[in-house]
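Engineer: From just these sequences and the hints, can you work out the full model?
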Amino acid sequence: MRKILLSVATAALVFTGCAKKTVEVQAPTQQQPTQQTTQVNEGSGMQTINQGMNEQELKMQKMKEIEAKSKKIYFDFDKYNIRPDQVPNVDWDAQLFNAQDAKEFKVKVEGNCDEWGTDEYNYALGLKRAKSVKDALVARGVDPQRLIIISYGKSNPVCTEHTKACWAKNRRVEFELLP
Amino acid sequence: MRKLILFFSLVISLFALDLTLEIVKDVGDQPKIVLEDATSSVESRLDAKFFKLLVGDLEVTAHFNVDTTRHVAPFDAPVNYAAYKEANFLLRYMLYYDDKGELDAKITLLDLKSGKPLLTKAYAISDKARYPFLAHAIITDANNILGFPDVSFLKRYVVFSKYTRPKHADIVVSDYTLTYQKTIITGGLNLFPKWADAKQTSFYYTDMSGTPTLYRVDIYKGTRTKIISSPGMLVCSDVSRDGTKLLLTMAPNMQPDIYQYDLRTGKLTRITSYPGIDVNGNFVQNDRAIVFVSDRLGYPTIFSKRIGSRAVQRVIYHGTNNSACSAYGDYVVYVSRETNNAFGRNTFNLYLASLQSDYIRRLTANGVNIFPRFGIDGETIMYIKEFGRQSGLGIIRLRYNKAYIYPLHVGKIQSLDW
Chain A
199 MRKILLSVAT
209 AALVFTGCAK
219 KTVEVQAPTQ
229 QQPTQQTTQV
239 NEGSGMQTIN
249 QGMNEQELKM
259 QKMKEIEAKS
269 KKIYFDFDKY
279 NIRPDQVPNV
289 DWDAQLFNAQ
299 DAKEFKVKVE
309 GNCDEWGTDE
319 YNYALGLKRA
329 KSVKDALVAR
339 GVDPQRLIII
349 SYGKSNPVCT
359 EHTKACWAKN
369 RRVEFELLP
Chain B
80 MRKLILFFSL
90 VISLFALDLT
100 LEIVKDVGDQ
110 PKIVLEDATS
120 SVESRLDAKF
130 FKLLVGDLEV
140 TAHFNVDTTR
150 HVAPFDAPVN
160 YAAYKEANFL
170 LRYMLYYDDK
180 GELDAKITLL
190 DLKSGKPLLT
200 KAYAISDKAR
210 YPFLAHAIIT
220 DANNILGFPD
230 VSFLKRYVVF
240 SKYTRPKHAD
250 IVVSDYTLTY
260 QKTIITGGLN
270 LFPKWADAKQ
280 TSFYYTDMSG
290 TPTLYRVDIY
300 KGTRTKIISS
310 PGMLVCSDVS
320 RDGTKLLLTM
330 APNMQPDIYQ
340 YDLRTGKLTR
350 ITSYPGIDVN
360 GNFVQNDRAI
370 VFVSDRLGYP
380 TIFSKRIGSR
390 AVQRVIYHGT
400 NNSACSAYGD
410 YVVYVSRETN
420 NAFGRNTFNL
430 YLASLQSDYI
440 RRLTANGVNI
450 FPRFGIDGET
460 IMYIKEFGRQ
470 SGLGIIRLRY
480 NKAYIYPLHV
490 GKIQSLDW
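Chains A and B are the protein sequences, given in the same order. The first sequence begins at 199 in the numbering used here and counts up by one. The second sequence begins at 80 in the numbering used here and counts up by one.
Misleading hints may appear alongside valid ones.
Residues from chain A that face chain B, not an exhaustive set, calculated with beta carbons under 10 Å [as the list claims (entries may be wrong)]:
(1) Arg281
(2) Gly309
(3) Glu313
(4) Asp317
(5) Ile346
(6) Ser349
(7) His360
Chain A regions said to be covered by chain B (calculated; three or more residues, Cβ under 8 Å) [claimed, not checked]:
(8) 234-240
(9) 258-264
No lab work stands behind these hints, which were simulated from the structure alone. Just so you know, even glycine gets a beta-carbon here, dropped at the ideal spot from N, CA and C.
Structural biologist: What follows is the structure in structure tokens.
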């Protein structure tokens, strides 16, 4: 369009006849070539729907992370009182369960025993160990309503070798988070 | 009934007035019995196992001096009296498959001194896998025809829980030798099975998936009924003789104590209240009192208490770690840890005590002896013996001061009832 206008203006000047007049003819500016861009739209603009399953998985992941950070509380042979060397672990666990991101979860406090001792008494021993830890956590500000205790006796060993190190590992309280 | 049997057996045998006293009977007093196998058409492996079961049953009665050689003779062949001059009885038996393909047995029990047949009988069993019960029936009949004291414990079922993997245990019903086994409850952690009554048609057990819950299972109907649940732990430790009351160890307030549960009324009565551990209640003295394990002295040992009274009495003044017991009438068998090694193998022995006397009798000498359970006659105790990585089933015949151990291949047993 601009070309046409320029041609028409030039022609008008030529035919109106000012012969001696120097006509400055502006050379047409060289046109820059237009860059052709193809917009690729496939795959964009899709919306995600955040379903419960995903949330649940995230929750599970969070629970597992907190569980992994928790410290086991170990006990002496045939005893259910918390040993002085285990108190820092209880402090750590109380802090962990009192943290903001853990407060939505319940905590199952599981009492366990080594392979010695007999059936019923061993289950009761595991229960008393779990209760000792629960009481210690409550004393450190954990809401008792969030704590569930159970005894697994000797049904849940972490170590099955017949060694003293192994038996000591099994006399423990550990935690499982529940939604 | 169990009491009655015990009473008569005590009256009849002047020498066994107190089972806590050791009575050693001379083996020579017992009649010698010989076994002749006439089996020809049954798998040799089954035949061999059957012979072992017959020998084991005869031995555990403690009424015979058993010739453990497997003699062979056709069922109708004449008896070779000359070969068995030293023996008193001959039990000839034959296993065979009948027209329906079922396993049958026929037997002849002969008095070798007089040549008289004492018992001729045929047996059939629809499921071959139950062959141990065939052996137990034969020996029970042979024992009874000879007028020896009752050995019906041979035909009793055992219910036990065995660990399969962490937090998992199945419940299995078996014969008393644990040879025949049928898994009844599987999946999850299933513990502390206890027969509901002397008929052994149903048992109680605790399902630990979720809040511990006590169920009653009818083994013939394949049904289970919820009885009660309690957080923390729940165990049915004993059932009254009439089957209407249960002794439970429960922890509704996270405190293990003993409760009595009346099945007819649903009434729950707390029997013990102590801030430590009270477990393993057993009815004694016509179900009016209990014996139980408590750590009220700072270590576990055996106490008794009349139901409804406040007083608690110490029963055992021996040992510093007696953590399990079983009772029958006035007798208590308990487990005592003899060594106090936190980091090594310990010895657990069984002892028998009476609520009527101060005597105690040691029943085992070494190893780890656990899960003692009185049999229906009150004179036979079953237990598990562990040595190294092996375990064995033990039977103690109190009246005869005899103990028998059979090797076990069942994995780790959690609890058992007989």
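Engineer: The structure should be examined with respect to each hint, and the outcome stated for every one.
Structural biologist: Here is how each hint holds up against the structure:
1. Arg281: With a minimum Cβ separation of about 13 Å from chain B (threshold 10 Å), the hint on arginine 281 of chain A is violated.
2. Gly309: holds (9 Å)
3. Glu313: holds (9 Å)
4. Asp317: holds (5 Å)
5. Ile346: holds (7 Å)
6. Ser349: holds (5 Å)
7. His360: Cβ of histidine 360 of chain A sits 8 Å from chain B, so the hint holds.
8. 234-240: With 0 residues closer than 8 Å to chain B, the region 234-240 of chain A misses the three-residue bar; violated.
9. 258-264: This one is violated; 0 residues, fewer than the three required, reach chain B with a Cβ under 8 Å.
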